[in-house]
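Undergrad: Construct the complete structure from the given sequences, taking the supplied hints into account.
In case you want the letters, here they are:
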Amino acid sequence: MRWRAVGWMAAAVVAAAAFVYGAVDEGPPKTNADRARALAEDFACPVCAGQSVAESDVPVAREIRRQIAVWVDEGRSDAYIRDELVAAYDVDIDYNPSGSGITSLVWILPVLAGGGIAAVLVVMLRSGRGPADAQGPRPAVGRRRRGRNAAAWTVAVVVVAGAAGLLVARSSGSRSADGSVTGEIRVTTRELIFEAQSRLGAGDMAGAIAAYDEALELQPSNVEALTYRGWLTSRRGAPAEAVPYLDDAIAVDPDYPDARLFRAIVALEEGDSARAATELAVFDSLDPPPYAEELMAQSQVRERVAAARNAAALLEVDALANLDERPAFSETALSVPDALVAAEALAGRGDLLEAVQFLDWALESRPDDPDLLAGRGWLLVRSGDPELLALGVEYLDTALAVDSSNARGLVYRAFARWQQGNAGGARTDLSAFDALQYRPPDLVRLIEDQGMRDAIGEAATAPTTAAAGTAADSMLDFVAEPIESTPREDVLSALRDPFHPDQPEPLIDLADIREVVPPDAIPALEDPAFEPVAEVQWLAEVEPVLALEVNGDARAYPLRIMTWHELVNGTVGGVPVTVSYCPLCNSAVAYDRRAGDRILDFGTSGALLNSSLVMYDRQTESLWSHYTGQAVAGHLVGTELDLIPVQTVSFEAFLASHPDGRVLSLDTGHFRRYGQNPYEFYDSNNRPFLFGGPTDDRLEPITRVVALRDGAEGVVIPNDVLAERRVVPFTFAGRELVALFEPGTASALDNPLIAEGRDVGATGVFVRSVDGQLLDLSAADGGGFIDAASGVVYDILGRPSGTGGAALETVEHLDTFWFAAAAFYPDAEIIGR
Amino acid sequence: MSTTDQSGPDLATGASHPPGTTPARRRRSLWIALPVAVVAALLVVVLATRDSAFERSASSPIVGGLAPPVVGTTMTGESFDLDDWRGRWVIVNFFQSTCVPCIMEHPELVAFSERHADANDAEIVSLVFDDTVRNVRRFFEVNGGDWPVVVEGSGTAAIAYGVTGVPESYLVAPSGVVVWKQLGGVTADGIDSVIAQLAAGP
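Going down the list, the protein sequences come from chains A and B. Once you know that position 248 of the first sequence is 248 in the numbering used here, the rest is easy, because the numbers rise by one and skip nothing. Once you know that position 178 of the second sequence is 178 in the numbering used here, the rest is easy, because the numbers rise by one and skip nothing.
Since no wrong hints were added, every one of them can be taken at face value.
Ranges of calculated distance between the beta carbons of each label pair, as one might list FRET restraints:
no.	chain 1	residue 1	chain 2	residue 2	range
1	B	Ala199	A	Asp83	31 to 39 Å
2	A	Ala202	B	Gly144	48 to 56 Å
3	A	Ile508	B	Ala200	39 to 47 Å
4	A	Phe499	B	Asp121	37 to 45 Å
5	A	Glu829	B	Ala199	48 to 56 Å
6	B	Asp121	A	Asp83	31 to 39 Å
7	A	Ala521	B	Ala41	52 to 60 Å
Bear in mind the hints are in silico, worked out from the structure with no lab data behind them. Remember, it's a predicted structure, so these values are computed and weren't measured experimentally. In this text, a Cβ means the ideal position worked out from N, Cα and C, and glycines have one as well.
TA: So this is what it looks like as structure tokens:
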């Protein structure tokens, strides 16, 4: 008995210690940013399953994060923020459930259950003691009393536990700013900081400093207090005394912009312009809030730092110039950024030649430094002289050959190309720059100051072809000899001038084409990079990819990329191919890009025909239906492209079937929200977008179907029929075919996050025989489809498992919506209805 | 309450009795299991009779209450306050210029605006959600519409209205109460039929 008591005691001590640790360990947030971040974790993202506002990157989560930060900066309490969000989004947004109403059960039940278990244990332990003090059969009365005792104990413990549960619910649920276990320090420090701010507002600097000191006594690591304590000290004329405070603040939170800004100002006042420049660079990289930018503008610290740096650099350069024998650049204390600043300063005072010579001297030591090369090129480019400009571009090309993602090289060359009238090339460089992780602010400002974006946007004349040698090209590995498209032809454009009297007769009524966005606003990808499938970590197993195989070259095009670009021009298995996906009619098609002697590449026209993508070829600017692969207007009207079978399957299915396959890389040269679905719940609202075509009531418009076409003949199998039967043999155009269905593929048009889309399955259509032998397929237990005669199991891509022999012959078919299939093949037969 | 009034072996001394002859143990287990089962059953009933999470997201806690403030600056630089329109029906529309369903909805808003231009009994205010002013300006140049477009302060309003995505619209009655919410695009006829129903009274 004694040992047992010791055991219980030990357990109780451990539990109590754990509670105390849990309560104490979660220290109060240090800064407003910390507090906003912590709050964001307390709320559920309203549109995504299982993610908090802090984790999700859908627009609404970002908006809520931004608003929480605003509220925190306004000094609102946690309770206020919680109430505001619950008022707008309902209680489901709150991860910390309320202590009243139905959700209070969340708090009460565990305590109740714990109490119940304790009661049962007590009853068992007490009755377990029975036989030790009672020999032989016990009198019935004693047992009865014991039973009553046990019941009384149980009831008592449950009542106490229930009450405790209610208390927990009341205190935990309706969290108020000053009621939480861990909130006390936070609130007190915050109050002191408010007090300091209001004293400062009233001009009482000494009072403000006292309040900050008090706050620091409570919480020595409070970044806000450290920063402003330091700043106020420096304002009282003691920059040296301010430094320790600011350095402490930076050590605690290196990402607090205010501290960086003040440190820069203090460094400047102490004559340390290099340190000031460093702090400014960090400040710029932090994406500072508007108020900090304003402070920055008021203090004119940027200008002062630049002036000081220029002066210092010029002093050094002049000192070097006075030396009889200048030492090698690498032997001086100068860094590459120093050299660039010095060159800027020289050029700024009109000594362009001296600046050029200075950089040449630096390049002698560092011939391959991309920044120096870019800086050297830039000096020539901005001279305005066409010959010097061309020479400058050579330097920039060299810089980018060394490092294709060199920010300076990209922006300077974009500027140069723009000056040369090559808007397409400039756009390419700028979009490569936009794709960089870190974009130096001076370059961003250069682009803005020059109005470069607007200028090259408007100057869009001839679209660039895939052959254009761009910086992006050198980044592409894994592209085996891309086949170049044929050059742009000087013919009448149907994209720009569809109603010109000299246009050939179009195949459709041009009024049916609805312009939605400008041409190329949805940018097609040109010879993009691919990655080995085994190295792809960023795709969920169920995520849909377009799978195609040409001459043994298997490729997957994730819909998370296709939904933003719609077209990919490339070379697969030695064949020039365009893969296209149209989200609005959910159709995926691939075409051989060869049309007679031409090798075409395609862009998006921004217009829709029966809600489906209208493509244009960059060679003749004829208009093509993505759906039929036929040129419907312009120079090539009537030309048809050869279809290449494409299937929409899960990434997992592609990986299993093609372990050596390749996947379209996220490194597209564009910045898009890959992974998000811009057409939320489009596939369940039954409202086709901008659809003016004929409707066919045999099925709901937005029903997923498999559609096949042969000339004017068409056949359609609804996916729900396929899902039910899994295997549907049918005859079409004189061929014995079979349609297959495998569950486990997410819809790209459902949830705002594609990986979270509901399961819509994958389909495949194949010739129903191998080597002249008709197959008898049925769904296999472990997935796939088994042939009754041979026992071979095929996957949804028609490939046999193991060494099972030949793959099934794929048949061109469209995974699409009924309304589009019905519009393009009006008399299609529906199987299974 | 008493459950052990029948003679039988004690729970913890089962070893001294042949197995299978312990009705008291069975009864006691029952006695423990019963309240648990009742609580579990109650929980299931309570949860099952609530709306599913999806249905609740289609409804909105702000419908039926006074409209949250919409205060901000419009695309043309003027200040805007929703309260100035008290006494008229107002569509508070959240949108984004690059969202295709928003482009799709826009002609309906234009139609609604034109339909009510003469009577001057209904207004539209569009609020930008996660977008740039430049994009929005171009969007209105291309697609038409001459109602106020709030570009500053719209994010705060979006959170106050509980916006989850775009497009999303709210109908504010002349009394200033939010009476209707639409997830996704609206149609001019749809809004008018809601107004007609509400104007006709209960």
